[in-house]
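From first to last, the protein sequence lines stand for chains S and G. Anchor point for the first sequence: position 226 equals 226 in this note's numbering, and the numbering is continuous, going up by one each time. Anchor point for the second sequence: position 35 equals 35 in this note's numbering, and the numbering is continuous, going up by one each time.
To be clear, the hints were calculated from the coordinates, so they are not data collected in a lab. Do not take every clue at face value.
Said to hold, decoys possible - No more than 30 Å apart at the CA atoms, straight line, and that leaves these computed lysine-lysine pairs for DSSO-like:
hint	chain 1	residue 1	chain 2	residue 2
1	S	Lys83	G	Lys102
2	S	Lys83	S	Lys174
3	G	Lys49	S	Lys190
4	G	Lys125	G	Lys49
5	S	Lys190	G	Lys121
6	S	Lys232	S	Lys83
7	G	Lys49	G	Lys102
8	S	Lys190	S	Lys232
9	G	Lys102	G	Lys86
10	G	Lys121	S	Lys174
11	G	Lys19	S	Lys174
12	S	Lys259	S	Lys42
13	G	Lys125	S	Lys174
14	S	Lys83	S	Lys43
15	G	Lys125	G	Lys102
16	S	Lys232	G	Lys19
17	G	Lys102	S	Lys190
18	G	Lys19	G	Lys86
19	S	Lys38	S	Lys83
20	G	Lys19	G	Lys102
21	S	Lys288	S	Lys259
Remember, it's a predicted structure, so these values are computed and weren't measured experimentally.
What follows is each chain in one-letter form.
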Amino acid sequence: MEALRHLISPGDLSRAETDRILDLADEIIAAPDEYSAKCRGKKIATLFYEPSTRTRLSFEAAMLELGGGVLGFSSADSSSATKGESVADTVRTVENFADIIAIRHPKEGAAAVAARYAAIPVINAGDGGHLHPTQTLTDLLTIRSLRAHHSLDGFTIGLCGDLMFGRTVHSLVKALMERDGVRFVLISPKELRLPAYLLDELRERAIPFEEVEHLDAVMPSLDVLYMTRVQKERFFNEQDYVRLRDSYILDAEKMRLAKEDMMVLHPLPRVNEIAAEVDADARAAYFKQMWYGKYARMALILALLGLCPVLGQPA
Amino acid sequence: MNVDSIERGVVIDHIAAGKGMDIVRLLDLEKMTCPVAVIRNARSGKIGKKDIIKIEDEIDVNLDVLGFIDPNITVNIIEDSRIVEKRRIAPPNQVVNVVQCKNPRCITSTERDLPQIFLRKPGSKVYRCRYCEQEYQPRD
Chain S
1 MEALRHLISP
11 GDLSRAETDR
21 ILDLADEIIA
31 APDEYSAKCR
41 GKKIATLFYE
51 PSTRTRLSFE
61 AAMLELGGGV
71 LGFSSADSSS
81 ATKGESVADT
91 VRTVENFADI
101 IAIRHPKEGA
111 AAVAARYAAI
121 PVINAGDGGH
131 LHPTQTLTDL
141 LTIRSLRAHH
151 SLDGFTIGLC
161 GDLMFGRTVH
171 SLVKALMERD
181 GVRFVLISPK
191 ELRLPAYLLD
201 ELRERAIPFE
211 EVEHLDAVMP
221 SLDVLYMTRV
231 QKERFFNEQD
241 YVRLRDSYIL
251 DAEKMRLAKE
261 DMMVLHPLPR
271 VNEIAAEVDA
281 DARAAYFKQM
291 WYGKYARMAL
301 ILALLGLCPV
311 LGQPA
Chain G
1 MNVDSIERGV
11 VIDHIAAGKG
21 MDIVRLLDLE
31 KMTCPVAVIR
41 NARSGKIGKK
51 DIIKIEDEID
61 VNLDVLGFID
71 PNITVNIIED
81 SRIVEKRRIA
91 PPNQVVNVVQ
101 CKNPRCITST
111 ERDLPQIFLR
121 KPGSKVYRCR
131 YCEQEYQPRD
């Protein structure tokens, strides 16, 4: 019997496994009909303790397009969490009714707890300000698909905004550290710098990076610009949130400084950090990014359920 | 109890000055019924000032806890007033239910009956929470 695999952190997948999942996503995009019944008889449980539009609907659409079914809850209020049920007991309940779990929870490490107790694969769909590995698969698939050479090596990425609490940023940095020749430009106010554990890892692995406070000056050097929202729910203090929320706003004027083939990504939702005028710019890839997200999740579901042979034994 | 020497028991030596009481707490020595002495700020040729703990009983000291606090600590087993064994301390790869994660956003702050696990980063003395990856910051 194959060992149970989960996706809690991007590091749970080797570089080769990640590439094979992205390849599978490409194959699904090319021939979706061939995959439309792969999950017949299977169900995904989407356990969302925190609000979500894109991620939950993307998981559900992914499973439906694979011919499977969907069950779950979309807020903690509509689950037994309101009665004080633990994450461990919740997953031990849900595993009786579903074949795979996607969990989003406001607490960091919640998905790791779910994986510890579940007898079925668990996917981290976002755990507080910690990680969001399926957004990373989405980001990697988008970058690889839209870059001229379809490569995830040898480019400069600027990550802008809330790097402290931005779980999509943490996951993406972790994943891109495994690639060759990726240079990081970290653009944030001092209060929202990338966490020390990630900065330490960049230094230890001699991966080139710079930390800057202003977006304009670095725009011309970027191949990818990854914008993020300053998230109110990550702050304990309303004053800090109000002070920092408008730190970085991308508009048409700043886009004029960028390379002609730079791509702008954003995990969405945005508030005001990308002006609506940028949407019409051919370099704005954030809506296409969502489209890729469904295919990345379809590939991941097939991989974790063992329905397509893309995963090796766990490291 | 003579704090200069014990007949039979355990001497935990070369504890960084100020850490002795942390070790008393982490090893639950407060609950022991045998004589336990904590010597604080003793002179040390090796580290300047040090704390020493002497326990006049045969106990199985949790070396993982000591290795987690400071792998330079030494543990001497005493029989007939002589050191019969010096135990080597090494930083353990993980510690379970020794310290709590201090990150208020960590799942360990709300999930019941969840073991508090800290994993050592390979090749370093840094420990991170198994769940949220926050680094353990000892009190200074």
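Results of checking the hints against the structure:
1. S:Lys83 <-> G:Lys102: At roughly 25 Å apart (the allowed maximum being 30 Å), Lys102 (chain G) and Lys83 (chain S) satisfy the hint.
2. S:Lys83 <-> S:Lys174: violated, 36 Å
3. G:Lys49 <-> S:Lys190: Violated, at about 38 Å.
4. G:Lys125 <-> G:Lys49: holds, 22 Å
5. S:Lys190 <-> G:Lys121: Roughly 26 Å separates the two Cα atoms, so the pair holds.
6. S:Lys232 <-> S:Lys83: This hinted pair holds, its Cα atoms lying about 26 Å apart.
7. G:Lys49 <-> G:Lys102: Given that 30 Å is the threshold and the Cα spacing comes to 29 Å, the pair holds.
8. S:Lys190 <-> S:Lys232: holds, 17 Å
9. G:Lys102 <-> G:Lys86: Violated: Lys102 (chain G) and Lys86 (chain G) sit about 34 Å apart, past 30 Å.
10. G:Lys121 <-> S:Lys174: holds, 15 Å
11. G:Lys19 <-> S:Lys174: violated, 35 Å
12. S:Lys259 <-> S:Lys42: With Cα atoms ~45 Å apart, Lys259 (chain S) and Lys42 (chain S) exceed 30 Å; violated.
13. G:Lys125 <-> S:Lys174: holds, 21 Å
14. S:Lys83 <-> S:Lys43: holds, 25 Å
15. G:Lys125 <-> G:Lys102: holds, 18 Å
16. S:Lys232 <-> G:Lys19: violated, 39 Å
17. G:Lys102 <-> S:Lys190: holds, 22 Å
18. G:Lys19 <-> G:Lys86: Within the cut-off at roughly 20 Å; holds.
19. S:Lys38 <-> S:Lys83: This hinted pair is violated, its Cα atoms lying about 37 Å apart.
20. G:Lys19 <-> G:Lys102: holds, 19 Å
21. S:Lys288 <-> S:Lys259: At roughly 19 Å apart (the allowed maximum being 30 Å), Lys259 (chain S) and Lys288 (chain S) satisfy the hint.
Consistency with the previously given hints fails for numbers 2, 3, 9, 11, 12, 16 and 19, ordered from lowest to highest.
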